[in-house]
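*Asks:* Sequence:
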Amino acid sequence: MINRGYYGTFGGAFVPEILVATFDELEREFRKIKADPAFWNEYRDLMGSYSCRPTPLTYAENLTKHFKGAKIYIKREDLNHTGAHKANNVMGQGLLVKRMGKTRVIAETGAGQHGVATATMAAKFGFDCTVYMGEVDVKRQRPNVFWMEQMGATVVPVTQGSRILKDAINEAFRDWVTNMDTTHYVLGTACGPHPFPEMVSWFQSIIGKEARRQILEREERLPTRVYACVGGGSNAMGLFAGFTDGDVECVGVEAAGRGIASGQHASRLCSNDASVGVAQGYKTYFLQNSDGQMNETHSIAAGLDYVGVSPILASMHEKGEARFEAVTDTEVIEALKLTMKSEGIIPALESAHAFAQAFKEAPAMSTNDIIIINQSGRGDKDIFTIADAIGDPSWRKFIMEKAGEYNA
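One point on numbering: in our numbering, the residue at position 216 of the sequence shown is 216, and numbering is uninterrupted.
Heads up, some of the hints might be wrong.
[As the list claims (entries may be wrong)] Capping the alpha-carbon separation at 20 Å, the derived lysine to any residue pairs in SDA-like fashion look like this:
hint	residue 1	residue 2
1	K341	T330
2	K124	G152
3	K98	Y50
4	K102	E29
5	K360	G259
Since the hints were made in silico from the structure, they are not lab data.
I would like the entire structure built from these sequences, with the hints used as guidance.
*Replies:* Structure (structure tokens):
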């Protein structure tokens, strides 16, 4: 164990001895780029020319009128290239990989957005790319698998364990141990061993820095609250980074799935089902049994269906620096339907968790209050899951006809 990278009592780098030198190299190179203003300028130029940054801050006028409470703004990370905030982290790590001289990248993915972003980065920079994805997530996020493969990535379905995100992370680490000389693991969220939580949060901080500047330009004051969904925590860390001076309440929203009482959820900070432990190289709250074995999790959003949470968010939770809530699958679908019909915007199922909690609170707030919801991704990837949840008969007819064309 390397005794660094702690946030309160959380974090650390619990890595096998064979990976210690690799992590030392990664931290050393990360420290160099973080201290180099030229790197941040190169990164911002790349994101501006390739990923449509700065993303807009959209005033949700119709939702504001609907709730008759706080003025609602939406930070549009869905308008990043590849459709999610994941591009911020992946492109940053891609520039780092170039400096380190490695030729292959690997990644894990749940919702598929991180996998698509990594495959995109690998295609642009000329890296070989392998993406590990739980077999369950491969089935529910098939469109993203299609795009990853078309961009030249090898997608490996993981059939071990629960066949979801945590199992994909385990397989990615196994790959890295045997290929560390040529390969960099592009971890997709603010979890894992040090320095990943700090590094991913640093790249994602571009969200909060932009949002703060944009709301000051529009309203000449800061928002009352900002909302972000929390799976591993990368988009929440990104948004919160712009509002950590104590004047703005940061609200993270976890997946309550079929309800906390059902036990079928992915709520680490808002339920009593999680406890502090060490897994996948770091210390945080995990949904685990008394023997330390990871429990099965559930969320309608593949990207939130994870047993752990960022050690930085765990520390913020314990220090009262952020408030955490949880919403159910049913509440998420209702928030998604309202957003689509009111604003013509389709949030990803992950992002819709933040919308659902904001919609609970906005009506009770003053019309002088301002809130910002981080739309971490777009809902195109979720069309099969959303159509099933809504029970749209026309979509079902389309699928059956398409299956007939394939003689299925």
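*Asks:* Now look at each hint and say whether the structure bears it out.
*Replies:* Consistency of the hints with the structure:
1. K341 to T330: holds (17 Å)
2. K124 to G152: holds (11 Å)
3. K98 to Y50: Cα-Cα ~17 Å, so holds.
4. K102 to E29: holds (12 Å)
5. K360 to G259: Satisfied, since the Cα-Cα distance of roughly 16 Å is no more than 20 Å.
Violation of the numbered hints given earlier is absent; every hint is satisfied by the structure.
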